[in-house]
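Q: Line order of the protein sequences matches chains A and B. So in our numbering, spot 141 of the first sequence is number 141, and the numbers just go up one at a time. So in our numbering, spot 122 of the second sequence is number 122, and the numbers just go up one at a time.
I should point out that these hints are in silico values taken from the structure, not numbers from a laboratory. Hints are not guaranteed to be accurate.
Where chain B lies over chain A, by a calculated footprint (3+ residues, C-beta under 8 angstroms) [to be verified]: (1) 70-82; (2) 89-98; (3) 123-132; (4) 141-154.
Among chain A residues calculated to face chain B with C-beta under 10 angstroms, some are [stated by the list, open to error]: (5) L46; (6) S47; (7) L61; (8) R65; (9) T66; (10) F67; (11) L86; (12) G119; (13) D120.
Across the chosen pairs, the derived CB separations fall in these ranges [stated by the list, open to error]: (14) A:G119 - B:P243: 44 to 54 angstroms; (15) A:C102 - B:Q177: 36 to 46 angstroms; (16) B:R90 - A:P36: 45 to 55 angstroms; (17) A:S63 - B:V242: 50 to 60 angstroms.
Built from N, CA and C at the ideal position, the CB exists for glycine as well.
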Amino acid sequence: MVGARARTLTVLGVVGVCLLGAGLLVAGRGTAPATPARAGPAPAGLSTRLDDEVGPRAGDLVSWRTFWALCWDPYEGAKSYELRVLTGEGTSARLLRQPDRCFRIEAAAGESAPGAQAGDRAQLLAAQQGQLAVQVRAVVGRARSDWSDPVAVGSR
Amino acid sequence: MAEKRFLVTLAMAMAMAMATATALVAGGATVAQGDPGPTFVDPTVTMVRPAEVHLGSLVYVGPYATLIAGMPIHVGDESDLQDSVLLSARTGPVDLGEQSIMAHGSAAKDGAEIGERGTCPGGAGHCPSFVGFNSEVDGGIVERDAMVLHLARVGPGVRIPSGRKVLSGKNVVTQAQVASKTAPVTEADRLFMHGVIEVNVSFAHGYSMLAAESPSNVRGINYDPGGTAFNPVRNLPTLAGVPTRDPAANARIIGDVRMADNAILTRQIVRSSLRADEGEPFHVGTVDSMGTNVTFHALEHSHLDLGDHGRYGNGAVVHGGPAFSATTSSASGLTLGRSAVLFQSQVGDQVTIGSRSLVQASRLAAGTVVPENTVVVDGVVAGRVEW
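Given only the sequences and the hints, what does the whole structure look like? Please build it.
A: In structure tokens, the structure reads:
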């Protein structure tokens with residue numbers, strides 16, 4: 001319970017499992033180089049969208065999931081992108097890395113009575129915005145672009 | 001029971017060599033000293049019967065937390081007990097597994113168990129669990145990968161299973177209520193929890209280093225830890241325009257907190273915690289009154305900007321969000337009742353938020369009065385605080 005326990009790759013493994021479906025890779029055990037060369041300004045054209053999925057009914061309830069996606073314009077020379085996670089309690093030093101120009105994550109889910117789904121969804125998405133935001137930057141060789149402004153997960 | 005009370009002063013001891021798994025007793029509490037790194041306990045923490053308190057590695061225990069170990073208290077590796085958390089094991093043990101997050105003002109009481117059992121995504125051996133602002137787990141069980149959102153409660157014998165989160169304000173007193181008072185934990189929730197663990201592990205390191213340099217660095221009005229890529233420089237609070245370091249102050253004001261007056265020096269602010277750990281300045285107008293165990297916390301990318309003539313009840317929480325869109329601000333004359341939470345919201349002049357109410361992700365017009373025990377999210381009354 002409390003003993004010293006090897007925890008190599010703890011977060012790496014769990015987050016990696018959580019986000020494999022989104023095509024994410026987690027960048028190493030450590031963080032990016034402390035002072036990478038600057039590749040240029042932050043990625044531009046950031047846009048967000050929400051995608052909804054409705055599952056089977058369970059009794060009188062409808063199960064549903066809402067995914068939030070953040071996309072950005074292609075960055076010249078970039079082979080991948082890094083994302084930094086900002087929480088309501090502080091900024092994580094661990095970075096996520098992915099080749100795609102969109103970051104997609106499940107932001108809200110529930111089981112709602114018919115007619116209540118929209119309200120439940122709005123509440124849960126609003127709550128999510130107070131918890132989590134992300135920034136993105138481009139990886140160009142060994143250099144990195146500037147970070148984008150933070151974008152709250154669940155925002156439109 | 002004869003209880004022996006004293007303040008724990010073990011913070012600086014935690015920055016020691018950690019090559020072995022030998023238990024270290026410091027300040028009376030048992031702290032696992034294993035491979036990964038130090039545990040930090042703020043000097044303001046109160047422990048009752050500390051010999052029965054067992055803290056894992058890389059644990060962060062924030063200002064004014066209280067641990068009452070009539071029976072054993074175990075806190076697993078990489079867990080955090082944030083400002084003014086209460087762990088009370090008077091009639092039953094309190095067990096927190098690895099990566100348990102107790103947010104500001106939350107409590108776990110008498111037989112509570114958090115993050116000790118259940119399943120993790122992908123079959124991982126351990127994963128975070130979360131108890132939110134001013135929430136309470138009273139003899140209940142919160143499994144791994146489960147959450148209790150703000151001002152919610154889990155009653156005795158109730159089990160919140162992995163993959164579910166209790167919604168803000170709900171009081172779950174029977175197992176049959178779990179389905180209707182919870183929602184699924186999402187991928188974003190998990191990313192949030194992992195991020196919080198990362199941040200607080202870095203606080204365990206950072207505050208331990210700060211204490212190792214001088215124990216006085218982690219007392220009273222003082223520096224933030226600094227030393228990170230996003231906050232390389234340590235900052236001091238500014239009171240009435242004067243940068244101030246006062247380890248003897250009876251409150252914890254940390255980092256670039258800019259207060260319009262010096263109420264803390266005139267004893268109007270005691271046993272409260274105003275933390276700007278990440279270096280981003282936040283502004284606090286004049287304080288007409290402040291109870292004890294009040295927490296202000298804001299972050300690198302959020303703003304916290306409070307107007308003059310603020311009144312803050314015991315256990316109130318004012319918190320920024322993780323982005324500029326999550327600024328928390330008030331105009332003049334905010335009244336925040338006992339254990340009320342103002343989170344990622346903007347409020348106008350002369351707003352009153354009643355005791356044990358939550359205002360989150362909202363904009364409130366001048367003169368708004370939020371009744372006691374009310375949950376307001378996205379500007380809409382989402383329900384009652386049921387306990």
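Q: Could you run down the list of hints and mark each one as holding or not?
A: To see whether the hints hold, each was checked on the structure:
Three residues within the 8 angstroms Cβ limit are the bar, and the segment 70-82 of chain A against chain B gives 0, so the coverage statement is violated. For the segment 89-98 of chain A, the stated coverage by chain B is satisfied: 6 residues place a CB nearer than 8 angstroms to a CB of that chain, which reaches the threshold of 3. A count of 9 residues in the segment 123-132 of chain A with a Cβ less than 8 angstroms from any Cβ of chain B is obtained; the coverage claim is therefore met, three being the minimum. Under a criterion of three residues with beta carbons nearer than 8 angstroms to beta carbons of chain B, the stated coverage of the segment 141-154 of chain A is upheld, 6 such residues being counted.
Using the Cβ-Cβ criterion of 10 angstroms, the hint placing L46 of chain A at the interface with chain B is not satisfied: the shortest such distance is roughly 12 angstroms. The closest approach between the C-beta of S47 of chain A and any C-beta of chain B is roughly 15 angstroms, which is over the 10 angstroms cut-off, so the hint fails. With a least beta-carbon distance of about 9 angstroms to chain B, the hint placing L61 of chain A at the interface is held under the 10 angstroms criterion. A least Cβ separation of about 8 angstroms between R65 of chain A and chain B falls short of the 10 angstroms threshold, and the interface hint therefore holds.
With its C-beta approaching chain B no nearer than about 9 angstroms, T66 of chain A sits inside the 10 angstroms limit, and its interface hint holds. Look at F67 of chain A: its Cβ gets to within about 9 angstroms of chain B, closer than 10 angstroms, so that hint holds up. For L86 of chain A, the suggested interface contact is upheld, since its CB lies about 4 angstroms from the closest CB of chain B, less than 10 angstroms. The restraint placing G119 of chain A at the interface with chain B holds, with a minimum CB-CB distance near 8 angstroms, inside the 10 angstroms limit.
At about 8 angstroms, the closest approach between the beta carbon of D120 of chain A and any beta carbon in chain B falls short of 10 angstroms, and the interface hint on this residue holds. Take G119 of chain A and P243 of chain B: their Cβ atoms lie about 48 angstroms apart, and the range 44 to 54 angstroms holds. Separated by about 38 angstroms at the C-beta atoms, C102 of chain A and Q177 of chain B satisfy the suggested range of 36 to 46 angstroms. Roughly 52 angstroms separates the CB atoms of R90 of chain B and P36 of chain A, a value that falls within the hinted 45 to 55 angstroms.
Range check, S63 of chain A to V242 of chain B: Cβ separation about 57 angstroms, and the 50 to 60 angstroms hint holds.
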